[in-house]
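K.L.:
Knowing the structure of chain A, use the given hints to seat chain B with the ligands on it.
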Amino acid sequence: MWWEYVVYFVNATVLAAALRMATPLIFASMGGILSERSGIINIGLEGMMLTGAFMGMLVTFYTANPWVGLIGALLSGGVVGLVHAVATVRYKVDQVVSGTAINIFAGGFTVFMLRTVFDVAGTSPAVERIPTVAVPLLRRIPFIGDILGHQNPVVYLALILVVAVHLFLFHTVWGLRLRAVGEHPRAADTVGINVFRARYLAVIASGALAGLGGAYLSIAHLSRFGDGMTAGRGFIALAAMIFGKWTPFGALGASILFGFADAVQMRLQEVGIPRHFVLMLPYILTMVALAGFIGRATPPKSIGKPYEKE
Amino acid sequence: MGNVLEIDRITKRFPGVVANDAVSLDVEAGEIHALVGENGSGKSTLMNIVYGLYQADSGEIRLNGERVEIDDPRDAINLGLGMVFQHFMLVDTLTVAENVILRAEPQKFRFVDYRKAEQEVARLADAYGLRIDPRAKVADISVGQEQRVEILKALYRRAKVLILDEPTAVLTPQETEELFQVMRNLREQGTTIVFITHKIKEVLAISDRVSVLRRGKLVGTRSTAETGHKELAEMMVGREVLLRVEKEPAKPGAPVAEISGLYVDDQRGTAAVKDVSLKIRQGEVVGIAGVEGNGQQELVEAITGLTTARTGKVLLHGEPIQHLGPMRIKRKGISYIPEDRHKRGLILDYNVADNLILGLHTQPPFVEHRLFRSERHIAEHARKLVEEYDIRPPNPELLMYTLSGGNQQKAIVAREFSRRPEFLICSQPTRGLDIGAIEFIHREIIRQRDRGTAILLVSAELDEILSLSDTIAVMYDGKIVAVLPAQEADERRLGYLMLGGDPHLPEGDAERGVTAT
Ligand SMILES: Nc1ncnc2c1ncn2[C@@H]1O[C@H](COP(=O)(O)OP(=O)(O)O)[C@@H](O)[C@H]1O
Ligand SMILES: [Mg+2]
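In order, the protein sequences belong to chains A and B. All residue numbers for the first sequence refer to the numbering used here, where the first residue is 1 and numbers rise by one. All residue numbers for the second sequence refer to the numbering used here, where the first residue is 311 and numbers rise by one.
Pulled out of the complex, with its shape left as it was, chain A reads as follows (with noise of 0.2 Å):
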């Protein structure tokens, strides 16, 4: 019967899965939301997520605590965002050539690194990972519970994180002032808001949230940096962020969507579905979501545009 097919697929577990695989974009595009609200365009997430990645393993190495780990992501990200800030707010270089020059220089410098600290080519050593944490109460609840009740401490930073840049961007005062600014800078600054600090703040947020998400997937989902680790998914956020316009709430349902994909995936490769074919589907997801949706999306007005005064 075809809904067999259909719990085969959906159901808690891969559901569940499908949570695990969304959170680095969560994080990713939350990273996108805030550089691109405030106007610029940040293309260079992916490496920004492989800079987390590494260096939150690289951090956890030494200090065999992966929650320290997290904090080193966190800052290494930072430091990224500071650069492309550097870049594109002061010194007014094209907002995706910075991004993509970034993501360059990260592919190449995580490899180096890798080689320099372990002597090794293509994986870390293992190090200490975020161990996964059962909710006393939540994961009684039927369904519900199976999905969520049982996951890594860092999913849940990802989901809180969500509300949070919800409430920031549409409820308070500097959520308003970085759509102002994102939107009609000249408007922003003619009544006194500092556009290049509020960019500069914006972006640096960007790369640390995106270091985070990178660094779930070297020290939470598993527990060692692999050359590349973050696969595309910098520009998969991206996809989310345009897909969820540019909103938290949407960003996330698109990243579960994309997540799942992601965990579907992984159940058709166990029905015999070649390998290759069903690793393309949530590359085709985002495009024929994006294709579909895209065109109803209006992106933030000034982005790209750097800002000049007088």
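Honestly, the hints are just simulated from the structure, not real lab data. Fair warning: there could be bad hints in the mix.
[Unchecked claim] When the alpha-carbon atoms are kept at most 30 Å apart in a straight line, the in silico DSBU-like pairs for lysine-lysine are as follows:
{"#": "1", "chain 1": "A", "residue 1": "Lys-301", "chain 2": "B", "residue 2": "Lys-447"}
{"#": "2", "chain 1": "B", "residue 1": "Lys-527", "chain 2": "A", "residue 2": "Lys-301"}
{"#": "3", "chain 1": "A", "residue 1": "Lys-305", "chain 2": "B", "residue 2": "Lys-418"}
{"#": "4", "chain 1": "B", "residue 1": "Lys-653", "chain 2": "A", "residue 2": "Lys-309"}
{"#": "5", "chain 1": "B", "residue 1": "Lys-426", "chain 2": "A", "residue 2": "Lys-245"}
{"#": "6", "chain 1": "A", "residue 1": "Lys-309", "chain 2": "B", "residue 2": "Lys-527"}
{"#": "7", "chain 1": "B", "residue 1": "Lys-426", "chain 2": "A", "residue 2": "Lys-301"}
{"#": "8", "chain 1": "B", "residue 1": "Lys-418", "chain 2": "A", "residue 2": "Lys-245"}
{"#": "9", "chain 1": "B", "residue 1": "Lys-640", "chain 2": "B", "residue 2": "Lys-557"}
[Unchecked claim] Computed list of chain A residues with no C-beta within reach of chain B, every gap over 12 Å:
{"#": "10", "residue": "Val-14"}
{"#": "11", "residue": "Ala-16"}
{"#": "12", "residue": "Leu-74"}
{"#": "13", "residue": "Val-120"}
{"#": "14", "residue": "Ala-121"}
{"#": "15", "residue": "Val-135"}
{"#": "16", "residue": "Pro-153"}
{"#": "17", "residue": "Arg-186"}
{"#": "18", "residue": "Ile-193"}
{"#": "19", "residue": "Gly-226"}
{"#": "20", "residue": "Leu-279"}
{"#": "21", "residue": "Leu-281"}
{"#": "22", "residue": "Thr-298"}
For glycine and all other residues, C-beta sits at the position ideal for the given N, C-alpha and C.
P.N.:
Here is chain B with the ligands on its own, set in the frame of chain A:
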């Protein structure tokens, strides 16, 4: 009362121009002070300096007698200054209330208190008679309402001195009247207003005193009650201005263009021009008067080949041209001054020289060996026209969008008139221009007439129709409802016909027929 704002010998240079040249100006507390001058005379620059957007090269500003340093708009706001810009500074995606409170938000622990914000905006709007819905998205409101939001923004920040930069440029006459009412309310409640405009009519209607700028210099300040249209016009332009065009009676010759039984559809496919017949002779100006949107635009587009007529004929020297495209019609000796110079007449990203050969760019002498631009001829042509038509700044290499509206229009006029057309169509030729440029273009049109060109003039400005035309046709609802010699026309009679009055009633009855003239 004393002066709230004293501007003392402010000088500001931009590359190539002195935008403000030692300008001194006093604004008294509680007055509406008009600041007038032609486009580019430095009005916006001066007020941007007061508001801290630009820094003066020298000079000082005093508020209530005390010298102040205004480094950015934040300082200006803190000092009680407010400014409404020529181009509004509103965030489309935010609501009216959000725009008003931006960076001065009522808050609880850094969370925006939206309820208080909306109440406060509604209260202010009510107090000054600015009707607006605080919750509406700015993207959804009209231009007139956007302006109210800008004024509210300043009032919300407790502006004592409010600067309005050409606020009426974007408004309909009705909205302008409403704005004036708001300005009077503000004055009554103690706000001082600096009102920038280049329309003398408005200065006389609303201001208490008026200061005139010309080419960056202050020409003088007058009490509005003690000055008049003529003096202000001369102060602005720097010489005597002919408010009326001087011309000899026309000496019409043989018919050049004949239009008969023309029907043209608009974009939606309904008839916009209905059975129009007209004859334009050598050396005469035929003016088409009418409220905009009564088929004038479609008529002109059909004659110039931009659209195709449904039926009917357009003859040039007896030869039908209604089936030809715009390029070939142009080559037959028809020139066209379009009403929207940005969309139709110019390519703003090209330089002046290239704009001056548009439409001629495929012909010698601007093409050599059938393929290559002749830079020498293009440059020479540009140099000649820039000088003859006084296009400023006189540099053919400048990109078109850097020129003022008046000079852009002069460039179109230069290009089209210098071709010595046999038939010239001018659609709203002076819309949005200042007095000096209007006078110049009017004079050129008459000069063309006197060298024997047949001219069709379409304008919504009755003054313009009356002062240039030899014959006047009134268009209403797609039809020519009356054709009369200019001597027999006056503003009242035309106004009556333009609104659909019966052309066969004598004038006495006419007045009973309409109220809006
Ligand atoms: N930001 C700027 N950069 C260079 N030139 C400018 C700038 N702003 C204005 N100008 C020049 O200064 C002169 C005065 O302009 P403006 O103050 O805008 O005049 P107005 O408001 O009276 O029309 C003009 O010649 C204009 O081209
Ligand atoms: Mg101006």
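K.L.:
Evaluate each hint against the coordinates.
P.N.:
So, going through the hints one by one against the coordinates:
1. Among the hinted pairs, Lys-301 of chain A with Lys-447 of chain B is consistent with the structure: their alpha-carbon atoms are about 15 Å apart, no more than 30 Å.
2. With a C-alpha separation of about 38 Å, the suggested pairing of Lys-527 of chain B with Lys-301 of chain A is violated against the 30 Å cut-off.
3. The straight-line distance between the Cα atoms of Lys-305 of chain A and Lys-418 of chain B is roughly 33 Å, outside the 30 Å bound, and the hint therefore fails.
4. Simply put, Lys-653 of chain B and Lys-309 of chain A have alpha-carbon atoms about 29 Å apart, close enough for the 30 Å limit, and the pair holds.
5. With a C-alpha separation of about 29 Å, the suggested pair Lys-426 of chain B and Lys-245 of chain A falls inside the 30 Å cut-off, and the hint holds.
6. Of the supplied pair hints, the one linking Lys-309 of chain A and Lys-527 of chain B holds, its CA atoms being roughly 26 Å apart against a limit of 30 Å.
7. A hinted pair counts as satisfied when its Cα atoms are at most 30 Å apart, and Lys-426 of chain B with Lys-301 of chain A qualifies at roughly 28 Å.
8. This hinted pair checks out: Lys-418 of chain B and Lys-245 of chain A have alpha carbons roughly 28 Å apart, not beyond 30 Å.
9. Straight-line distance between C-alpha atoms of Lys-640 of chain B and Lys-557 of chain B comes to about 28 Å, which keeps the hinted pair within the 30 Å bound.
10. No Cβ of chain B comes within 12 Å of the Cβ of Val-14 of chain A; the nearest lies about 37 Å off, and the non-interface call holds.
11. Against the 12 Å criterion, Ala-16 of chain A stays outside the reach of chain B, whose nearest CB is about 34 Å from its own CB.
12. With a closest Cβ-Cβ approach of about 22 Å to chain B, Leu-74 of chain A is found to remain outside the 12 Å limit, as its non-interface label requires.
13. Non-interface status of Val-120 of chain A relative to chain B is upheld: no Cβ of that chain comes within 12 Å, the nearest being about 47 Å off.
14. In this structure Ala-121 of chain A is separated from chain B by more than 12 Å, as the shortest Cβ-Cβ distance comes to about 49 Å.
15. At roughly 29 Å from the closest C-beta of chain B, the C-beta of Val-135 of chain A stays outside 12 Å, upholding its exclusion from the interface.
16. Listed as a non-interface residue, Pro-153 of chain A keeps its Cβ farther than 12 Å from every Cβ of chain B; the least gap is roughly 27 Å.
17. The claim that Arg-186 of chain A is not at the interface with chain B is violated, since a C-beta of that chain comes within 12 Å of its own (minimum 6 Å).
18. For Ile-193 of chain A, the requirement that its beta carbon stay farther than 12 Å from each beta carbon of chain B is not met, with the minimum near 5 Å.
19. Every CB of chain B lies more than 12 Å from the CB of Gly-226 of chain A, the least distance being 41 Å, so the non-interface label holds.
20. Non-interface call for Leu-279 of chain A relative to chain B: holds, since the shortest CB-CB distance, roughly 38 Å, exceeds 12 Å.
21. Every beta carbon of chain B lies more than 12 Å from that of Leu-281 of chain A, the smallest distance being close to 35 Å; the non-interface claim holds.
22. Taking the minimum C-beta to C-beta distance to chain B, about 9 Å, the non-interface status of Thr-298 of chain A is violated against the 12 Å cut.
Checked against the numbered hints given earlier, the structure breaks hints 2, 3, 17, 18, 22 and satisfies all the rest.
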